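Chain by chain, the residues run as shown.
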Amino acid sequence: MAQPIDASRPRLARGCRLRITNNDNDAVVLFPEGALRLEGPGRQILEHCDGQRTFQEIVGTLQALYIGAGHAQVREDTASFLDQLQQQRIVDY
Amino acid sequence: MMTAPLALIAELTYRCPLHCIYCSNPLQMSGSKSELSTGDWLQVFKQAGEMGLLHLHLTGGEPLGRLDLTELIAGAHSAGLYTNLITSGVGLSECRLKTLIQAGLDHIQLSFQDSTDRRARPIAGAPVHEHKVKVARIIRSHDIAFTINLVVHRQNLDHLEEMIAFVEELAPDRMEIAHAQYYGWALSNRSALLPSKEQLDNSLATIGAARQRLQGRIRIDSVIPDYYARFPKACMGGWARSLVLIDPSGNALPCHAAGVIPGLQFDNVRDHSLDWIWQESPAFQKFRGETWMPDPCRGCERRTQDFGGCRCQAFLLTGNAAATDPVCSLAPGRKVVDAILLRQNAPDGALTNPADTSLRTPEQRTNDPWSYRVNPE
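Protein chains in written order, with my numbering: chain A, 58 to 150; chain B, 342 to 718.
No lab work stands behind these hints, which were simulated from the structure alone. Just to be clear, a hint being listed does not mean it is correct.
Partial list, derived from the structure: chain A residues whose beta carbon lies under 8 angstroms from chain B [claimed, not checked]:
no., residue
1, V85
2, Q143
3, Q144
If you want the footprint, here are the derived chain B segments under chain A, 3+ residues with CB under 8 angstroms [stated by the list, open to error]:
no., stretch
4, 447–453
5, 476–486
This one's a predicted model, so the numbers in the text were calculated from it and none came from an experiment. Positions of the beta carbon are idealized from the N, C-alpha and C atoms, including for glycine.
Generate the whole structure from the sequences, applying the supplied hints.
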């Protein structure tokens, strides 16, 4: 597998789910043998990985949220974040 | 206040249709009469959810042996826990699987003893391999996260590639290749299970190659045998730091094997809340933190990574539960481990090829080169 392409529709893989607690303040993604605490952009990316939105759309949303970061940088960071999670079988696309 | 544990390991029953020679259950097990009731477990799961625990690992024995398993999973799910069923697959039909998934089961881990019935049977002490293959195919036909676990050891490491190919064909999301850990029944069978250095090195290369080949398709996690390590494992993430285990009778332990350590009294969830146990139970406080640590752990920079290793292993190999884990290259007790390894690596030192193992049952165990796990009364 490789990084997502524009038309990819990332979603949480089987057996992985978001758990939001403490009045929307704490987010973790749970997977079979562990959990990742999510903060900032990581959480925003995963909350959009619903299997409906395309990678292109998710990048667009993040670019609007992080204007100072530069479009290319946001795209690159989002792609490598998803690629890492895909290799761990937390995200599929 | 200690922060809450991350996960609860619930050993629902010690009853098991398999008799695996590498089982890490204790040699002395409580019988079915003392098992917690459905209501007791549901209460524990509710408390675990309220404390903020994330994962619940349902194991045993064989958890499918509990006829109330669906109800237990439903209760855990509504308490907000991520539910993981660790099973041999014996007792799982498609119909039962569907009800477990409907109840909220998040993940199934199915174990295999080998890639063929002929080889798996003498390890499991039961003719269950073909059934497991059927169960694996049923699980894969449903939309649930699926891990296949291979326990590897001296008897099967030489054909690890074949076993990996076998698992690959069953298409789980994850494959766990776990070297046997020497507790309980596995400790009594250690000379038949502990691999040679050559076997270990070959297995690491095989696992590395498989990991690369299956990248993005099947995630491979592996556990190496700590007797060959330079530093100990962070057993259970440190004593009473992140995990709590409840045994079938309701006793709360900091780890699977803690019952071997003399003098520890375990509090029971019938008498105390899970939160009280986590905060106050003397068994949990015994080796929590660093004040119990001997030299060289006390001044070692690795003490915050491995927490001095495994307390049970320290007791089992040195007779002192407060010693540095003897697998550590810095431990005074390391010579005990080195002597064991020397024996395992001698040309004629250990059981490499026990008698033809085609059709043996636990009833024939007097002739076996190892002992099978037996069920409690």
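Status of the hints after comparison with the structure:
1. Look at A/V85: its Cβ gets to within about 7 angstroms of chain B, closer than 8 angstroms, so that hint holds up.
2. Hint status for A/Q143: holds, given a least beta-carbon distance of 6 angstroms to chain B, under 8 angstroms.
3. Look at A/Q144: its Cβ gets to within about 6 angstroms of chain B, closer than 8 angstroms, so that hint holds up.
4. Counting residues of the stretch 447–453 of chain B whose beta-carbon sits less than 8 angstroms from any beta-carbon of chain A gives 3, enough to reach three: the coverage restraint holds.
5. As drawn, the stretch 476–486 of chain B meets chain A at 3 residues by the rule of a beta-carbon pair under 8 angstroms; at three or more, the given contact holds.
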